[in-house]
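Could you put the whole structure together from the sequences, leaning on the hints where they help?
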Amino acid sequence: GAVVSQHPSWVICKSGTSVKIECRSLDFQATTMFWYRQFPKQSLMLMATSNEGSKATYEQGVEKDKFLINHASLTLSTLTVTSAHPEDSSFYICSARGGGVDTQYFGPGTRLTVL
Amino acid sequence: GQQVMQIPQYQHVQEGEDFTTYCNSSTTLSNIQWYKQRPGGHPVFLIQLVKSGEVKKQKRLTFQFGEAKKNSSLHITATQTTDVGTYFCAGPESSYKLIFGSGTRLLVRP
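So the protein lines, in turn, are chains A and B.
Under my numbering, think of the first position of the first sequence as 1, with each following residue one higher.
Under my numbering, think of the first position of the second sequence as 1, with each following residue one higher.
Treat the hints as calculated values from the structure; they're not laboratory data.
For each residue, glycine too, the CB sits at the ideal point set by N, CA and C.
This list has only true hints and no planted wrong ones.
One side only, chain B facing chain A, incomplete, derived with CB under 10 Å:
id	residue
1	G40
2	Q48
3	T86
4	G101
Right, dumping it as structure tokens:
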């Protein structure tokens with residue numbers, strides 16, 4: 001149980017375009033979903049927390065107008081990187097928490113490369 | 001804000017040797033969680049420790065939570081090549097938010 005999927009697994013885009021990443025909890029209802037960014041050989045940095053049906057809470061230094069988060073249902077959250085630039089290239093990982101447990105279950109991640 | 005540090009940053013061992021990574025929090029934690037991330041992969045939950053002084057074992061892995069609930073360790077006995085990856089500890093900053101440690105990257109020479 002506790003499977004989280006992400007789509008796409010990797011994406012290459014041109015600078016200035018927008019990219020949408022989906023995060024789904026497949027076998028449980030995720031009351032809370034988290035979006036992290038991880039640069040090579042670094043730790044996970046929390047970008048934002050989203051609860052179903054409410055606005056996301058962004059961490060300090062994360063531009064909410066650039067990283068749009070929508071948590072439309074208990075099984076789906078999306079992260080849209082708007083007007084992507086090469087410095088946005090990173091590994092984006094979502095996690096989900098729900099089912100009455102504190103543990104976060106991570107998706108497989110999306111590797112974004114902006115040319 | 002709360003900080004979670006891990007040492008060492010990196011360790012290269014011969015297969016069969018033991019390995020330990022240490023995690024220290026700037027604040028007392030209600031629990032500590034450990035994750036493993038294989039190269040190119042995503043973090044996978046290993047275990048959660050809640051009680052002061054708690055020790056848990058998973059086969060060759062031994063996890064400890066300090067008496068003051070500010071530090072933790074992960075010890076691997078007789079490492080294998082399948083143990084390769086980065087090990088992260090994580091502690092809750094609030095009821096829902098996890099702060100991840102800097103990670104310890106383990107390489108195992110066959």
